[in-house]
Amino acid sequence: MEYRLRLAKRMLFNKKGSLIGAVLAVTIGILVIHVNFVIFQGLFDAIVRDISNYRNGDILVTDEADYIDKSDLSVVNWFERIPYVEAATPRLSSTAEINMTKNGKLIEETRIPIVGIDPYRDIRASTVHETVAEGSYVFARNSIVLGSNVARDLGGAEVGDSVKVLVVDRNGEDQIRRFTVTGIAQSPGGQGFDYTAVVHIDTLRDMMKRDGETGSFMIKLNDPSKALEVKEFFLRSFPNDDFLAETIEESAEEQLAGFRSGIAMINMIGYFGMMSSAFAIVTIQMMLVNGKTREIGVMRSIGAKRKDILIIFIFQGMIIGAIGAGVGTAAGLGYTFYAKETKMSFNNSLPLEVSYNWEKIIQTALTSFVLAIIASLYPSYRATKLLPVEAMRTV
Amino acid sequence: MSKIYGQGENQVNALDNVTFSIEKGEFVLIVGSSGSGKSTLLNMIGLLDRPTYGKIFIDGTDTTKLDDNKISSFRNNKLGFIFQFSNLLSDLTVLENVLLPRQIARTNNSAEEDAKKLLNAVGLENQMNKRANKISGGQAQRAAIARGLINSPSIVLADEPTGNLDSVTSEKIVQLMKTMAKELNQTFIVVTHDRQHFGDVDRVITIKDGHAFEGDLPSEVEVLV
Numbered sequence: 013m014e015y016r017l018r019l020a021k022r023m024l025f026n027k028k029g030s031l032i033g034a035v036l037a038v039t040i041g042i043l044v045i046h047v048n049f050v051i052f053q054g055l056f057d058a059i060v061r062d063i064s065n066y067r068n069g070d071i072l073v074t075d076e077a078d079y080i081d082k083s084d085l086s087v088v089n090w091f092e093r094i095p096y097v098e099a100a101t102p103r104l105s106s107t108a109e110i111n112m113t114k115n116g117k118l119i120e121e122t123r124i125p126i127v128g129i130d131p132y133r134d135i136r137a138s139t140v141h142e143t144v145a146e147g148s149y150v151f152a153r154n155s156i157v158l159g160s161n162v163a164r165d166l167g168g169a170e171v172g173d174s175v176k177v178l179v180v181d182r183n184g185e186d187q188i189r190r191f192t193v194t195g196i197a198q199s200p201g202g203q204g205f206d207y208t209a210v211v212h213i214d215t216l217r218d219m220m221k222r223d224g225e226t227g228s229f230m231i232k233l234n235d236p237s238k239a240l241e242v243k244e245f246f247l248r249s250f251p252n253d254d255f256l257a258e259t260i261e262e263s264a265e266e267q268l269a270g271f272r273s274g275i276a277m278i279n280m281i282g283y284f285g286m287m288s289s290a291f292a293i294v295t296i297q298m299m300l301v302n303g304k305t306r307e308i309g310v311m312r313s314i315g316a317k318r319k320d321i322l323i324i325f326i327f328q329g330m331i332i333g334a335i336g337a338g339v340g341t342a343a344g345l346g347y348t349f350y351a352k353e354t355k356m357s358f359n360n361s362l363p364l365e366v367s368y369n370w371e372k373i374i375q376t377a378l379t380s381f382v383l384a385i386i387a388s389l390y391p392s393y394r395a396t397k398l399l400p401v402e403a404m405r406t407v
Numbered sequence: 009m010s011k012i013y014g015q016g017e018n019q020v021n022a023l024d025n026v027t028f029s030i031e032k033g034e035f036v037l038i039v040g041s042s043g044s045g046k047s048t049l050l051n052m053i054g055l056l057d058r059p060t061y062g063k064i065f066i067d068g069t070d071t072t073k074l075d076d077n078k079i080s081s082f083r084n085n086k087l088g089f090i091f092q093f094s095n096l097l098s099d100l101t102v103l104e105n106v107l108l109p110r111q112i113a114r115t116n117n118s119a120e121e122d123a124k125k126l127l128n129a130v131g132l133e134n135q136m137n138k139r140a141n142k143i144s145g146g147q148a149q150r151a152a153i154a155r156g157l158i159n160s161p162s163i164v165l166a167d168e169p170t171g172n173l174d175s176v177t178s179e180k181i182v183q184l185m186k187t188m189a190k191e192l193n194q195t196f197i198v199v200t201h202d203r204q205h206f207g208d209v210d211r212v213i214t215i216k217d218g219h220a221f222e223g224d225l226p227s228e229v230e231v232l233v
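For the record, the sequence lines run as chains A and B. For the first sequence, position 14 (counting from the first letter as 1) is numbered 26 according to the numbering used here, and the numbering increases by one without interruption. For the second sequence, position 92 (counting from the first letter as 1) is numbered 100 according to the numbering used here, and the numbering increases by one without interruption.
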């Protein structure tokens, strides 16, 4: 082994306290980044996942005008011919007034979002049906699924209760229908239809006097990375229609922009933490240099050049960086594994979308390694400035 | 050469116009009382410090003209050091300490073999794999002698090599240095205030108040200026 590396290693390993301190500093810096990533990126990805699963799919197709008048069957069939497409489903949205008599008392709720769905297609393209904790989905024309918050606001609506729904049609006239509650929807984290009522799309079309019209199409892909490709192919295929198609990133941009800047800030805090660990390394290595003043003098007197001394202490920085990056990455991966296996959730409700982002993991490890080397430059430089005759006077 | 520390009223002439030459193979003692300037002189010859005035020639090279890198190489190739406290690196084994000057010089051919031969010669064949801080003071000083000789230097400089040892061990170290000097025709310059331990040597230079004198006692010597 190269003598400078051997000396660097021995000097460091014989000062176990300093070594542990320096390695811990790097480890903690990396761990902060990993924990931030698991929690905040996991939260972001969970929100993207839920928006995609419940509302927008991987691609959301709408129309420049409010409604799409093309046959939903033709659009769905067109999409489902593409190998990347798992399923497509039409949806129609409006707002409604809902009232219910419970224990002899009439309770009325206004401005409730109401969504019309095609149940047989919807269960393939969306996971909303999985959030129906009690009862079943809207398989009949007169059935309604109430979001858990809507049910609560209606005085505790339950499966089997009867509710009256009022929707204003395209002519401005009130359309009232009676529905039977077949299910209560409650999603973990509240990103689903907890504040919404869900009915059959044909029933809502009738009520809104919009026969054959659709509000949007939700497209679920089996390979979400092909979203842009599919979207562009769709828009090219219907040049004379006024379709709008957006990927999940585009359609949920407003909701996600705030989170993105939040994550960037949290990451920044993590990197500041890493910088602090670099200062800890500077301090610990200065202590090492001070503790080895006499040895540095001896080495200089027997012919070591300033460059040799510099390299010895930079090697120490590299050793600290390598061990710290290794231990920190292992600890970070351990935490990520724990979060994934235990299905860690935010605020005990929204399950985090935990993933191993290898690019980020390698980038963090490399950054901390490089920072440790940079942090060792000043102590190494100081070591080279010691004059041998004065260094050897140090006891 | 001269060496002056401080300025103005605080100026101290540590060495004042000292001139002498030493021939190859000579065993030279530099003696003097504490603070006389003998260690300063050794630091100048060892290129650990620079004279304020004057020049030092080693093997015909004017060492005062060398830059820092060349001085390091010169110290590594031409000079061997033995210090009062041995100054072995405690993080290395005895063998690794002896090998160090050769590794710094990057001339690793037969380095380990040479180091082991030297350790045998100084009687440390059974201690070579021990950590330097696990051997006795006398053994450490023997290892330091081996380290000083590993690069076959032009001069071995020893600063109070027995200063930290008991009288029996000191005697052994002195004999070892003399033997090595004779066997290897090696020049030794030894600074000591412990004249009687060294007995007969080739030359003695006495330093007194920054001046150098040839011989043992200032009253009997010829001033070397």
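In short, the hints are calculated from the structure, not lab data. For every residue, glycine included, the Cβ atom is placed at its ideal position computed from N, Cα and C. One thing to keep in mind: the hints can contain errors.
As the list claims (entries may be wrong) - The calculated label-pair distances, taken between Cβ atoms and stated as ranges, are:
(1) B:L74 <-> A:E14: 23 to 31 Å
(2) B:N128 <-> A:G29: 57 to 65 Å
(3) A:G29 <-> B:D208: 48 to 56 Å
(4) A:I386 <-> B:R203: 37 to 45 Å
(5) A:N302 <-> B:L74: 53 to 61 Å
To see whether the hints hold, each was checked on the structure:
1. B:L74 <-> A:E14: 23 to 31 Å: holds, 26 Å
2. B:N128 <-> A:G29: 57 to 65 Å: violated, 38 Å
3. A:G29 <-> B:D208: 48 to 56 Å: holds, 51 Å
4. A:I386 <-> B:R203: 37 to 45 Å: violated, 54 Å
5. A:N302 <-> B:L74: 53 to 61 Å: With Cβ atoms ~29 Å apart, the hint is violated.
Of the numbered hints stated above, those contradicted by the structure are hints 2, 4, 5, listed in ascending order.
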